[in-house]
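*Asks:* Chain residues, written in single-letter form:
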Amino acid sequence: MSTPATPAIGARKIHPADTTFRLSLHAAGAVVVIVLLSILAIMFMGGKLAFDTFGLGFIWGTEWNPVTQIYGALPAITGTLVTAILALCIAWPIGFGIAFFLTETCPEKLRTPLGVAIELLAAVPSIVYGMWGFFVLAPFMSEYVQPWLTSTFLWIPPIGDSFFWFTAPPIGVGMLTAALILAVMILPFIAATTRDVLLSTPQLLKDGAYAMGATRWEALTGVVIPAVRGSLFGAVFLGLGRALGETMAVVFVIGNAIRMPDSLMAPSATIASVVANNFPEAEPGTLDLAVLLALGFILFVVSFGVLAVARLLLRQERMS
Amino acid sequence: MLIQLARSLVTALAATALVVAPALAQDITGAGATFPAPIYSSWGEDYAKAGGSRLNYQALGSGAGVTQIINRTVDFGASDSPVAPERLEKEQLLQFPAVIGAVVVIVNVPGVDGTKIKLTGNVLGEIYVGRIRLWDDPKITALNPALKLPKIPISPAYRADSSGTTSIFTKYLSSVSPLFKERTGAGNSVAWRTGLGAPGNAGVAAAVKNIKGGIGYVEFAYAAENGMQALQLANGSGKFVTPTVPGFLQAAEQADWDNAKNMAATMLNMPGDNSWPIVSATYILVPRNPKDPARTQSVLKYVDWSFRNGAATADRLHYIMLPTAVQNRVRAQWATLAPAGKPLWPAN
Amino acid sequence: MKQLTAATRARYFRRQLVNRVMGGLCIAAAGVGLILLALILWMLFSNGLAGLTLDTFTKPMSQPGSGGGLANAIIGSLLQVGVGAMIGAPLGMMVGVYLSEVGKESRFASIVRFVNDILLSAPSVLIGLFVYQIAVLPFGGFSGVAGSIALALIAMPIVARTTEDILRLVPQAYRDGAIALGSRENEVVGKVVLPAAFGGILTGILLAIARIAGETAPLLFTSLGNDIWSTDMTQPMASLPMAIVRYSNTPYPEWVALAWTGAMLITVGVLVLNIASRFSYAAVAGKQGG
Numbered sequence: 001m002s003t004p005a006t007p008a009i010g011a012r013k014i015h016p017a018d019t020t021f022r023l024s025l026h027a028a029g030a031v032v033v034i035v036l037l038s039i040l041a042i043m044f045m046g047g048k049l050a051f052d053t054f055g056l057g058f059i060w061g062t063e064w065n066p067v068t069q070i071y072g073a074l075p076a077i078t079g080t081l082v083t084a085i086l087a088l089c090i091a092w093p094i095g096f097g098i099a100f101f102l103t104e105t106c107p108e109k110l111r112t113p114l115g116v117a118i119e120l121l122a123a124v125p126s127i128v129y130g131m132w133g134f135f136v137l138a139p140f141m142s143e144y145v146q147p148w149l150t151s152t153f154l155w156i157p158p159i160g161d162s163f164f165w166f167t168a169p170p171i172g173v174g175m176l177t178a179a180l181i182l183a184v185m186i187l188p189f190i191a192a193t194t195r196d197v198l199l200s201t202p203q204l205l206k207d208g209a210y211a212m213g214a215t216r217w218e219a220l221t222g223v224v225i226p227a228v229r230g231s232l233f234g235a236v237f238l239g240l241g242r243a244l245g246e247t248m249a250v251v252f253v254i255g256n257a258i259r260m261p262d263s264l265m266a267p268s269a270t271i272a273s274v275v276a277n278n279f280p281e282a283e284p285g286t287l288d289l290a291v292l293l294a295l296g297f298i299l300f301v302v303s304f305g306v307l308a309v310a311r312l313l314l315r316q317e318r319m320s
Numbered sequence: 001m002l003i004q005l006a007r008s009l010v011t012a013l014a015a016t017a018l019v020v021a022p023a024l025a026q027d028i029t030g031a032g033a034t035f036p037a038p039i040y041s042s043w044g045e046d047y048a049k050a051g052g053s054r055l056n057y058q059a060l061g062s063g064a065g066v067t068q069i070i071n072r073t074v075d076f077g078a079s080d081s082p083v084a085p086e087r088l089e090k091e092q093l094l095q096f097p098a099v100i101g102a103v104v105v106i107v108n109v110p111g112v113d114g115t116k117i118k119l120t121g122n123v124l125g126e127i128y129v130g131r132i133r134l135w136d137d138p139k140i141t142a143l144n145p146a147l148k149l150p151k152i153p154i155s156p157a158y159r160a161d162s163s164g165t166t167s168i169f170t171k172y173l174s175s176v177s178p179l180f181k182e183r184t185g186a187g188n189s190v191a192w193r194t195g196l197g198a199p200g201n202a203g204v205a206a207a208v209k210n211i212k213g214g215i216g217y218v219e220f221a222y223a224a225e226n227g228m229q230a231l232q233l234a235n236g237s238g239k240f241v242t243p244t245v246p247g248f249l250q251a252a253e254q255a256d257w258d259n260a261k262n263m264a265a266t267m268l269n270m271p272g273d274n275s276w277p278i279v280s281a282t283y284i285l286v287p288r289n290p291k292d293p294a295r296t297q298s299v300l301k302y303v304d305w306s307f308r309n310g311a312a313t314a315d316r317l318h319y320i321m322l323p324t325a326v327q328n329r330v331r332a333q334w335a336t337l338a339p340a341g342k343p344l345w346p347a348n
Numbered sequence: 001m002k003q004l005t006a007a008t009r010a011r012y013f014r015r016q017l018v019n020r021v022m023g024g025l026c027i028a029a030a031g032v033g034l035i036l037l038a039l040i041l042w043m044l045f046s047n048g049l050a051g052l053t054l055d056t057f058t059k060p061m062s063q064p065g066s067g068g069g070l071a072n073a074i075i076g077s078l079l080q081v082g083v084g085a086m087i088g089a090p091l092g093m094m095v096g097v098y099l100s101e102v103g104k105e106s107r108f109a110s111i112v113r114f115v116n117d118i119l120l121s122a123p124s125v126l127i128g129l130f131v132y133q134i135a136v137l138p139f140g141g142f143s144g145v146a147g148s149i150a151l152a153l154i155a156m157p158i159v160a161r162t163t164e165d166i167l168r169l170v171p172q173a174y175r176d177g178a179i180a181l182g183s184r185e186n187e188v189v190g191k192v193v194l195p196a197a198f199g200g201i202l203t204g205i206l207l208a209i210a211r212i213a214g215e216t217a218p219l220l221f222t223s224l225g226n227d228i229w230s231t232d233m234t235q236p237m238a239s240l241p242m243a244i245v246r247y248s249n250t251p252y253p254e255w256v257a258l259a260w261t262g263a264m265l266i267t268v269g270v271l272v273l274n275i276a277s278r279f280s281y282a283a284v285a286g287k288q289g290g
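Chains as they are written, first to last, in the working numbering: chain A, 1 to 320; chain B, 1 to 348; chain C, 1 to 290.
Worth flagging that the hints you see were computed from the coordinates, not collected in a lab. Keep in mind the model is a prediction, meaning the values are calculated, not measured. Possibly wrong hints are sitting among the right ones.
Stated by the list, open to error - Stretches of chain B that chain C covers, calculated by requiring three or more beta carbons in the stretch to come under 8 Å of a beta carbon on chain C: (1) 52-62; (2) 140-153; (3) 278-284; (4) 287-296; (5) 322-330.
Said to hold, decoys possible - Straight-line distance between alpha carbons at most 27 Å, and here's what the computed DSS-like set of lysine-lysine pairs gives: (6) 90/B / 48/A; (7) 118/B / 171/B; (8) 181/B / 139/B; (9) 49/B / 59/C.
Beta carbons are placed, not taken as given, at the ideal position from N, Cα and C, and that holds for glycine.
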């Protein structure tokens with residue numbers, strides 16, 4: 001070791017190598033911020049025409065009509081939030097269950113193959129998910145799931161006189177189907193990262209809980225989860241991120257109707273799908289292109305809001 | 001051994017030369033419309049085999065094709081919708097039709113042979129605005145007294161992505177259905193009042209296949225290759241016609257090419273015994289003031305070769321060649337290209 | 001034990017019941033996941049194997065009916081994903097290390113962490129658009145390099161997120177021990193913390209590669225695609241995802257079959273990479289441990 005002969009306790013000299021090390025790490029962090037700021041700047045400048053034309057009304061305008069050049073983003077924002085949050089609600093319990101199974105109850109020999117199998121789901125190109133949703137899931141939804149949901153939940157009162165929860169013509173595609181496909185797509189992200197987090201929990205914690213007579217489930221909920229909650233949320237953010245930004249698969253199963261949905265099963269659209277669908281045909285300098293870039297900007301604001309709320313919840317829970 | 005070594009050295013050198021100066025090769029790059037992409041690429045391959053330039057055509061979408069040729073990042077752009085004359089003037093572009101396509105209407109009505117169903121443009125328009133909602137609507141049964149149409153909802157499918165196909169289809173509907181024109185209108189993407197959107201021609205075809213009572217519009221090739229049932233439409237003479245290649249050609253021949261500004265003639269709702277009502281050309285754009293005139297000339301040579309030798313390939317892929325008379329008009333337009341006073345056509 | 005009251009016994013049984021039920025539900029969840037996996041993979045392979053021939057690997061893309069393959073798309077994807085991962089993974093790891101080891105709860109670190117999570121949800125088409133502005137327009141043309149940069153920017157936040165999460169779980173005692181031995185900060189991270197967390201970081205990198213291997217949207221306006229055989233990364237370049245999207249949306253059965261084959265190849269490629277890296281990691285870890 002090349003440490004100085006008389007190291008002063010608590011006042012270690014900062015070695016030049018440490019400075020470079022720290023600087024390069026800071027630089028890497030700065031890259032992340034710069035990339036996002038540049039993307040935001042490009043979106044905002046490109047979308048300025050849309051904000052100038054419609055003002056803030058662009059955000060809650062419900063009409064989207066390329067022919068009359070009237071654009072409102074609310075239908076796409078609604079579709080994005082509803083599908084992403086529904087998907088998360090479906091995928092998180094399943095992903096967590098898979099992770100728990102893989103780390104606790106699964107026979108040792110099956111762990112690696114099952115783990116690889118789950119990660120394999122992340123490798124399937126999203127267009128394949130889209131086609132699977134379209135050819136396999138959508139017919140199943142229209143034949144069985146949708147009629148059943150409609151007849152079972154008829155009693156839920158509608159919101160106002162325009163939103164009827166589960167009442168919709170059974171065409172198979174729509175927000176619910178999109179949410180299911182998204183759930184399958186984010187499942188591997190949630191399961192794999194949660195598994196790694198659970199695996200990295202010091203065995204000591206669990207042993208302590210078992211010594212007190214806790215069951216596996218109690219050790220998990222009472223000791224492990226509180227200890228690693230922050231890292232577990234990382235898995236949720238990964239999943240949410242993919243759900244908010246996913247395009248190709250959603251385009252196949254959401255029905256692509258840019259109008260306010262009248263039920264959870266109605267055809268709708270997400271910001272990412274609207275942008276991807278219309279971007280190739282939009283010419284520079286036109287309002288058509290500006291609204292797409294403005295939508296991109298809004299998507300960032302939406303993820304910003306969702307993440308901020310999630311972090312707030314996390315912090316409050318930590319305090320209580 | 002030595003010969004082999006020498007040979008591989010030469011190949012390696014040639015490869016390096018390509019890497020260092022790719023523009024020196026006769027490669028031409030095009031980008032734009034998705035609809036003609038298979039035929040442009042196939043013609044390009046055949047042309048290269050016959051000793052011509054190699055072509056790299058990428059289907060980015062018509063809008064992107066126009067943008068790229070305006071930015072001069074490609075040798076030619078391709079667009080399904082014609083660019084307006086003023087814009088061509090401003091951006092110094094020459095536009096000409098290259099190949100013809102037709103849009104057909106496919107259906108999935110259980111228990112009924114879709115090819116027997118007859119619709120007028122007006123009724124089709126009312127279906128697509130959601131005014132007619134059931135297959136046994138009196139307006140449909142009146143046109144089809146011989147068919148036993150079921151009482152099931154009509155599920156109209158449309159293109160989710162903005163596309164030239166939608167533009168042609170909505171232009172047609174707007175020209176024959178006042179209601180559709182008022183409620184929806186024409187464009188690459190429009191605000192549909194009913195139905196569901198599916199990605200691409202293939203998506204619309206699959207949606208119609210999937211959903212009982214479905215109806216959708218696709219390029220002719222999709223109906224032909226996948227055995228979809230395409231219904232009959234009334235044409236400009238009020239005759240109900242089945243979509244056929246001779247019918248597309250008849251429509252193309254009747255277009256008013258004499259008065260077509262920048263060679264963008266409408267072929268919608270033409271009269272005739274066989275004329276199919278939804279036919280349209282797709283266009284190529286080249287610069288009038290190219291940075292490298294030789295490359296633009298290569299594009300013209302490629303198109304000319306394809307006009308003369310591309311019929312078999314077009315037929316196999318279900319595209320329709322321009323009528324010979326129109327091809328000659330296109331060549332006459334090329335002759336007006338003369339950057340720096342040197343005409344690019346006829347090329348020697 | 002005889003003194004156990006009825007209430008205590010009831011509570012014991014309830015606790016056991018909860019444990020069993022939740023354990024059972026977790027097994028059911030794993031079952032659901034595996035069934036979905038089987039369904040999707042079955043569709044993928046039954047369609048993809050149909051179009052798989054030797055030509056797929058040896059011939060470049062060509063017109064329908066002429067027996068073309070996917071060779072140029074496969075090479076293009078390997079190059080672009082490889083370079084993309086080589087840029088994105090180290091960058092993401094550095095960000096993760098920064099967040100966990102250096103920045104921690106500092107203000108800048110909080111910003112980086114938040115921004116990174118937002119980047120995770122950026123639609124890939126917007127990333128492509130951004131790279132078009134910085135790497136295509138200034139250099140006058142589409143290129144494989146631009147495609148790689150776009151893929152790297154998608155991989156980076158994924159790797160950063162997983163790296164930070166896993167590093168945080170490395171016991172502080174490891175770091176303290178290394179510092180006590182006189183290690184410098186970079187040695188603590190490079191020789192102690194990273195190796196201890198390597199398995200989890202590897203998962204993150206593999207997930208990121210899996211994600212970018214199937215991405216189309218960021219390549220559209222960066223590497224454009226190329227019909228002409230090319231391995232020159234400064235020129236437009238073909239890729240498997242673009243070939244899939246292009247071929248799947250055509251009426252020609254041979255092309256649609258090739259699209260399925262391409263999708264299958266991406267999945268199999270990632271699977272092979274996954275298994276290979278896990279085995280080599282296990283081998284290395286085993287050697288070190290034993």
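*Asks:* Confirm or reject each hint.
*Replies:* Cross-check of the supplied hints:
1. With 7 residues having a beta carbon nearer than 8 Å to a beta carbon of chain C, the segment 52-62 of chain B meets the requirement of three or more and the stated coverage holds.
2. Under the rule that three or more residues need a Cβ within less than 8 Å of chain C, the assignment of the segment 140-153 of chain B is violated, with 0 such residues.
3. For the segment 278-284 of chain B, the proposed coverage by chain C is not satisfied: 0 residues have a C-beta within less than 8 Å of a C-beta in that chain, short of the threshold of three.
4. As drawn, the segment 287-296 of chain B meets chain C at 0 residues by the rule of a beta-carbon pair under 8 Å; below three, the given contact is violated.
5. Restraint check on the segment 322-330 of chain B versus chain C: 0 residues with Cβ-Cβ distances below 8 Å, three needed, restraint violated.
6. In summary, the hint linking residue 90/B to residue 48/A is supported, as the alpha carbons are separated by about 25 Å, within the 27 Å threshold.
7. Note on residue 118/B and residue 171/B: the hinted pairing holds, with a Cα-Cα distance of about 20 Å set against a maximum of 27 Å.
8. Annotation: proposed proximity of residue 181/B to residue 139/B holds, straight-line Cα distance about 19 Å (limit 27 Å).
9. Simply put, residue 49/B and residue 59/C have alpha-carbon atoms about 15 Å apart, close enough for the 27 Å limit, and the pair holds.
Going down the numbered hints, you'll see the structure goes against 2, 3, 4, 5, while the others check out.
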